[in-house]
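Take the two lone chains and join them into the complex the hints point to.
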Amino acid sequence: MFFRLMKRTFTKGFKSKILAVAAIMLGTSMATAMLSISMDIGDKMNRELKSYGSNIVVKPESAYIPAEINGVEIGGKRDNRKFLTEEDALKIKMIFWRHNIVNLAPYLSMQTKVKGGKVTVKGTWFDDEIRIPSGEKYRLGIKDLKSWWEIKGEWIQDGKSNNLAMVGSDLASENNISKGDLIKLEFNKDGKRIEKEVIVKGIISSGDEAENQIFVPLNFLQSALNMGNKIEKIEVSALTSPVNDLARKAGNDPESLTAEEFETWYCTAYANSIAYQIEEVIPGAVAEQVRQISESESKILGKINLLMVLVTIAALISSSLGISSIMTTKVLERRQEIGLMKAIGAEDMNIVLFFLAEIVIFAFVGGAMGFFLGSAFANIIGIKVFSIPVAMKLLLAPFVIILAVIIAVMGSISPLKIVLKLDPAEVLHG
Amino acid sequence: MKNVRMFLRLIIHAIRERKSRTLIIFFAISVGIGIISALSSVYYDINTKMAKELRAYGANISVKAAEGDKFSIEKIDNIKKILGEESVVGVRPDLYGVADVKSNNSVLKSKMPVVVVGTWFDQIDEVNPYWKITGSIPVEKGVGEAVLGETVAKKLNYGIGDKLKLTYGKLSEKFIVGAVIKTGGNPDNKIFLDIEEAWKIFGNKGYVNTAKLSVIAGDKKPKSLIASVNKNVSGIEAGSIKRIASSEGKILSKIKSVMYLVVLVILASTVLCVSTTMMTIIAERKKEIALKKALGASNIIVISEFLTEAFVLGLTGGIAGYVFGYLCAQLIGQSVFDSYISFKIVVVFATVVLSAVVAGASAMFPLKRVINVDPSVVLKGE
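The listed protein sequences correspond, in order, to chains A and B. Position 351 of the first sequence, counted from 1, bears residue number 351 in the working numbering, the numbering being contiguous throughout. Position 369 of the second sequence, counted from 1, bears residue number 369 in the working numbering, the numbering being contiguous throughout.
Isolated chain B (complex conformation) (with noise of 0.2 angstroms):
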């Protein structure tokens, strides 16, 4: 009992007399502690934050009627259940159908047949991200509004707010135009309308052709998730779009090797430099060593009192370290990937018993030599 207080006493003594010194070694290890837990803090996040960001690529997953042509637009809620609300970014679906439109050319006014595609305008902002829109999409459902692909818009020419008759058989329909998207792609031939509208002409009420999801695969595979959705919902049939979901698998992995290499690379310097300055504050204390030993303590005594120390320190610096790199991770989450970045309890235990075992092994390490010294040697000085 005597002998643990004594122990303690030591202990607090040697943090104590010996501020600057200790400042030092606890400000190292917080710091490099600190980065590398927030390096580790992103790393451990950076699959589900930029497989988010790769939504910006739009739809990964289609789905289409297993039988026919046609399925229940109801499905769709079935699969985004399966799939995990908060997973699916978005889902659009679409009823295509051909229908005649009028050039607006004051002089030629020929008719041409137009892809129309009735759809949910409210998901273009999540399915179709990198669609520049001119003039808005309209919000309210069944409005009469239609929007129209760049090459539509000005092979007929038509500009915004101007109308436009769709001709379907012996049905035709009036709208206006309240947007013009340009895409690059296919969509710049076609034109969108809201579904119910879709539905009035072209019939089939309650049903689409194909629907595209935007969803966050995350760690989970989306061949797995396409297979689970094919196994719970009948009638349909969901595939991926390899074009964006196989590029996606590429990217995500890269990133990640990257990440990871610059996280050991840094991790590695870092509890380097670290145990070199703990190496140079042991290596240092050669002549506290030889009196502790002149007045007769153990080698081992001798050990466990500066491991001790080393433990502490490396302890405590690995929790301030632990928590000044919980708040650099999250200025690294807010500014590239605006938001969070998720509280991983590994890290926080990775960090603080790393942060203990580099401490107690850089001073391990000087002891070993300084340990045997001749205490009359050293104290008598060089």
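Just chain A, same shape as in the assembly (with noise of 0.2 angstroms):
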């Protein structure tokens, strides 16, 4: 009897309960947008905030302190310059978290003289093609660490050896440098003058200390002055959790954190368990947070995610709300058939049973319709703001389901009890 009452469920007055179906759909699409965004959300920004540049800086340690005023430096001593290798460089490729190490740039820098004026010239990956030691290539170097760059001219692609050159737009407007010149730069090494001609194939406009400096590749610099593979600073850019009290602990003190506390530190990809990581492979370096990106990034992604889970939360409420109402409808809806049930002598147990498989199925139906919808939203979102498609989180499905499942019985038992309580005889009256 049950199963033939369920069955004619399906098949008469099927119509009226599509809007049902129609509005449980829609309300679980909603929740299942927002909760894949808002889970994906703090992964992609984090890619985004990655245009403000390398967050973390790798040095030799030295007793050196640089003297130098918006990139020119001022005399200083250098003669007791400590290095690190272009090896170095690769293994940062090679920590535990090399696969949040989204770029990164070595530079060598010397001093020079173009037209006579004093000059600092770096050496570094443009956007060279680097083959680590374990056989993998990538492509590294300032191209991309230096998103905010605008380039007249072109980008040095492979530099290698050959004798190119990037000039600041500053140094290239008081010199009368342009494109395609060829310009002398004269070194002084060890009190001999080494002359070498470069071509420039673009000028830097960049708004901080760069526009006064000349970039050429790394190995072109470090064979004219024969430097062998020195080098001397390495940009990184990685992606990095924000900043916790953990964190912060290990900032200030790593000794102070418990056998436990450090794995998890460890295990997790901070700025400065990163960076902590880059001093353990490379003997004799500073791994530093650029604090002005990865503290910023921190609170920036902290705020973004909030607002992301205060929106999800508006919009759950919103979904229970329109699931719950119209099943609340449809059930005062059914006054008269709950009435006849009751006439022909349906105990109420059973009449309550009859209506929660109903509202089950159609909960369940409804739900798994509106999850993959709402994974259609989320992707569609990613797509159009971040270009990488949401994933479709099979995960949060039975989540979802259950939800719309547990809030349409919700929105129904109520006026299930008052429909019940009501005389037959009234009801069927009219």
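For the record, the hints were derived by calculation from the structure and aren't laboratory data. Certain hints may be false.
To be verified - Chain A is faced by these chain B residues, among others (derived, beta-carbon under 8 angstroms):
#1 27
#2 28
#3 131
#4 132
#5 135
#6 182
#7 246
#8 258
#9 269
#10 274
#11 276
Said to hold, decoys possible - Here are some chain A residues the structure puts well away from chain B; computed CB gaps all over 12 angstroms:
#12 163
#13 263
#14 267
Where is the CB? At the ideal position from N, CA and C, for every residue including glycine.
Here it is as structure tokens:
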């Protein structure tokens, strides 16, 4: 009898029930979309925030204090400079959190003279194909790292030891240098004069000290000055987790952590645990967070996450209300049916069970459809905003479907109670 | 006149006699519209709010002399006026000099040249909120205190409270180390003094090399702000610090478009959810419509009655929803941005009108189907 009744539900009067399923589907889709987006937003925004550039700088430990004003070196003792090697830079791509290292660029900076004036020239990777010892190849360098640089001309690609250069815009306008020019760099190494000519590929306008500097391929500068494979600074851009109390405690003094805390800290991608791991693989190096980037990044990510959580809660409230109000109306609408059932002798319990079974089935179907619709919404948002789809989270499916069922049931219980109390005669009479 | 009275009485009666159903739809409308209005209020404010939050990255505009390497510090006031005092979060001028500092090591007493920066200490919090400060930044101007970059402090072995002698040519001045800053960038290699003290050592009183400004661009384009500064203040050249300013633009537009699409999805599903409830409630009243028609009411009269009822519900629900939504928006504003979400009259109109239109439209849809029923068939029962 129960099954016959259930079957009838789906054959007769099905049309009017479509609305309820549709409402459940819409409500669930809204919840699914918001949950998937807010689960993904931290990761997606983290990638976007990489446009602020490197958040960790690696330098050799040395007693030397650079005296630099706006990228121009002033006097300063440079005789006891210390260096790292190019191989050290590659090691960074092999630490525990190597997949979080988005990009890196080594630097070697030297003093030179251009048309009589003192200039800092930096050797680096621009957009170079680099093979790390484990065999994998990456494209690394400042082209990605300095996303805010505006270049007149073009970026140097696979610079290697080619005599190419990119010149800062201030320097270029002072000395009348433009794209395609050949400029002479005069170095003074241990009292010996070395002259090299380079072709200007592009002019850099960056709004920072790079506008007073010249950038050349790293290997070119190293071989010009017989520096072997020496470098003296590595800029690293890493995807990091927002700073929390543990990271702060470790930042003050890693020694103060208990063994357990240390393990958690070490195995989380905090900026300072990544820096710590870099120091582990490069002996004699100091890896420091660029606080301007890493601190601000966690603040902003924290805000965005919190915002999305609150928006998600709002969406959940709205969707549960949507679902439960349609369920309430649907039950009230069927007063007469319930009255009739009662009149021909059905017990309250039977009626409740019958209705609940029907509601659970509808909520299940609506919830499942809503899950897919919501995942599609989330995907569209991901592609539109971040050009990366938001992956469908199957783990969410049971959660939202059960949520839909619970809300639908809760929404129908109180009207069912009301209707059951009514006298069948009164209801049927109209 | 009589007709109008009758019309009103019918509507009031319909709402009063069907309390539970009216309450459900009223509740559904006001919560749905409330959430929509909360989110759209937040959406309209997100640009200014996030722009303010992004000031965590510090200065986004730098100023230097148009000619020569120094400009008068008085220009800073002019620049602030052009940008609008309230949008300037902080300004910090820099006067550069190089002075010799003796190492504080007991054995090695070597001298080192260090870059010294004269600045306004009270602006460090605003312009460089990301600096990690140990000790305390001197508050009073002109006191004999210095702030050391971490590298300087470590390499020359100075701690908080130590005495430090700066030598520039024949001049030398003593300072007490008040604080050590850690930034992971260039400032770690520098010594900071109050600008008055720096003028005493390096001369050039009243002049500075650069100034860094942290400015909330909000809806205005940073480029146009800078252009207006350059046009209105002579003798200086303002430029954007592209690392911060250009990334900021990208991040803001991402956040804005995420919010936009999210609000759109929520708007669409909420509206549809509300209207399904509305449709059910109307479709249920087939009998009532039939009875009215049997008593001689024309289609137009029945439709206008139902529509007015829906509009009244939509309007009141919308107004209640807006109030509820405004409170929700403040809750979001307070917990995320520590500030209130601004009141936008556009949102009031949009949400209330939307509410009425949604209620009306979703009443119209089932009405169209039910209106041509044959009264006798319906009233007789199935």
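Notebook entry, point to check: Hint numbers the structure violates, sorted upward?
Noted result: As far as the earlier hints go, only 5 is violated by this structure.
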